[in-house]
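Once you've looked at the hints, dock chain B against the given chain A.
Residues per chain, in single letters:
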Amino acid sequence: MAARTPLHARHLAARAVMVEFAGYAMPLRYTSIRDEHVAVRTRAGLFDLSHMGEVHVTGESAEATVQRLVANDISALAPGHALYAVMCNDDAGIIDDLLVYRVEDGFLVVVNASRRQVDLGWMRTHLLPGTELRDESDETALLAVQGPEAVAIVQTLTGADLSALGSFSSVVGAVAEVPCRISRTGYTGEDGLELYCAPGPAPQLWDALLEAGAARGLLPVGLGARDTLRLEAGLRLYGQDMDETVDPFSCGLAWTVKLGKGEFIGAARLRQLDPHDPPRRFVGLAVGPRHIPRHGMTVGAGGAPVGEVTSGGFSFTLGHGIATAYLSPDLREEPLSIDIRGEAVPANRVRLPFVGAPHHRQRHD
Amino acid sequence: MPDLSGYRFTPTHEWVRRDGDTATVGITDHAQSLLGDVIFLDLPAVGARLTAGDRFGAIESVKAASDLYAPVAGTVSEVNRSLADSPEQVNASPYEDGWLVRLRDVSEGGVELLDEAAYVARAEE
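Residue numbers (this note's numbering), protein chains in the order written: chain A, 35 to 399; chain B, 2 to 126.
It should be emphasised that the hints constitute simulated quantities derived from the structure, not laboratory data.
All values derive from a computational prediction rather than experimental measurement.
Watch out, some of these pointers could steer you wrong.
Sample of chain B residues lacking proximity to chain A, with all beta carbon distances greater than 12 Å (derived) [what the hints assert, rightly or not]: (1) Met2; (2) Asp4; (3) Gly7; (4) Arg19; (5) Thr23; (6) Pro45; (7) Ala53; (8) Tyr70; (9) Ala74; (10) Val121.
Where chain A lies over chain B, by a calculated footprint (3+ residues, C-beta under 8 Å) [as the list claims (entries may be wrong)]: (11) 32-41; (12) 57-65.
Even glycine gets a Cβ: it sits at the ideal position worked out from N, Cα and C.
Just chain B, with the same shape it has in the complex:
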């Protein structure tokens, strides 16, 4: 398990990791476990502007399709292109290799961001 001290989590099972003005976004281990094998992802294009709390894409797993919600606002600076060929990275490494998008010009607000302990406690409810 990676060190998740720099990660914060949404009640809708995304995570965000800030590095100064940029942020990386993915889905949680709990989410990938519920979804099962990820088959493909619909992710925004580089340059897309995300609004915190709004849908920014979708993830199709063998079990169901799920919407993705932006934990923070920002502009997409990078999309994890390796997921097109290897979507299973989201299952195998949700916090590292399976990241989804990187954002710049990030601003927070509008979405509750939990630390790991609070997220785990809520996910277990």
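This is chain A alone, in the form it adopts within the complex:
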């Protein structure tokens, strides 16, 4: 049976459509994916992300271990701050993309639920002496409040000064009297907060956020809109847009790779690649209003298949279909199409993100 988050009863009471995702029973939608998507873009949305994995790394060599595991440079990370990073294998294939916080006694690494066991296995076999690793996923609930009204809503429930909380930083405090780590991060392309707390009081925090947000139009939001939001924001999804066969340069994540920081797993292979000219390139594609590209559809050029849609869907913000794909850089000028149910639908290359500001300061998880 699927695992349950601490908010399971809340989802059932709200009559959410539930799906199994990464071994957890999760809400797909509470009402309509469109309404939930629009709420996050224009007002605010509340997410249960308690399925995500949290790994606590401590000990005198914790920093050296994390530096060895991830391609980004965490040495200059200030206390409470977070960095988006990829963890690579020896061939520079991406094992997972994750968020690393520097916390009081070491590091908090937030990983994809679907990769938790793989990540833990990999991390445990690459620990330096003097590093302890603890999987705290089952002791941690994660709620996200995202959207232009998100910070104002949470501010009504906390004494912490959220206006002083910069992007990708966090502070330990209390929201609705629930102790939590308050983090200015997210996966929607909007401003917002993520709140890490103990499972016990998570329903109390959920209820307080719903109540405080009601007057500002906050809705609970399921995984359906989480996917349409992150796709519009150009944020990659592990398992669709990247896996162990993809290196971070091809994935457009060269900005997270710090070859100058010293040795780390995958660095030797990455040094053989040109960060500006990878063998294939992660690109955005746009189609018309009456076509929806989907994961796995074939991208064509001049009648020949040249790639596959990694993520696709309908952009509620733009009103047309959008997709991402890996393409050879040689195809730079050729007209492209996507095979949608037997029809070669013209597709235009567009810059990522599809919606919002360039994402090199955002994270994705």
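This is chain B only, laid out in the frame that chain A set:
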């Protein structure tokens, strides 16, 4: 919930409501719930001749594209044009405002048509 006593249902989740020689066709509440938000529909033109059991259009939802199958034979006399601007009516009102096409010169046969109880029983299988 509207009174569905005049509706009959296909195993492929369409409904048909007869009014003499004409019929109205849509998709069921169960179908719209499975599909999630309807984004747009491909529907036949007025005058198109539908054959019972054959594909007559498609519905694209946020989740997937699905073909539509004609529950009865007939000639399209009217298409629900309001769905072009408001496809969400299929979600909000699948049995009334979210109807898809109206047919004339209707004839049945070739497709199993279930009453509500039989359809619900089968959908729950």
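Right, here's what the structure says about each hint:
Residue placement check: methionine 2/B keeps its beta carbon more than 12 Å from all beta carbons of chain A (closest about 16 Å). Every CB of chain A is more than 12 Å from the CB of aspartate 4/B (nearest about 24 Å), matching its label as outside the interface. At the 12 Å boundary, the C-beta of glycine 7/B stays outside the reach of chain A, the nearest C-beta of that chain being 28 Å off. No Cβ of chain A comes within 12 Å of the Cβ of arginine 19/B; the nearest lies about 31 Å off, and the non-interface call holds.
Separation of threonine 23/B from chain A is adequate, the least Cβ-Cβ distance of about 28 Å exceeding the 12 Å criterion. No Cβ of chain A approaches the Cβ of proline 45/B within 12 Å, the least distance being about 15 Å, so the stated non-interface status holds. The Cβ of alanine 53/B sits about 23 Å from the closest Cβ of chain A, beyond the 12 Å cut-off, so the non-interface label holds. Here tyrosine 70/B stays apart from chain A, with its beta-carbon at least about 16 Å from theirs, past the 12 Å limit.
No Cβ of chain A approaches the Cβ of alanine 74/B within 12 Å, the least distance being about 25 Å, so the stated non-interface status holds. The beta carbon of valine 121/B is kept farther than 12 Å from every beta carbon of chain A, the shortest such distance being approximately 18 Å. Chain A is given as covering the region 32-41 of chain B, and this holds because 5 residues of the stretch bring a CB closer than 8 Å to a CB of that chain, at least three being needed. With a threshold of 8 Å between beta carbons, the proposed coverage of the region 57-65 of chain B by chain A holds, since 5 of its residues qualify and at least three are required.
Hint compliance for this structure: every hint is met.
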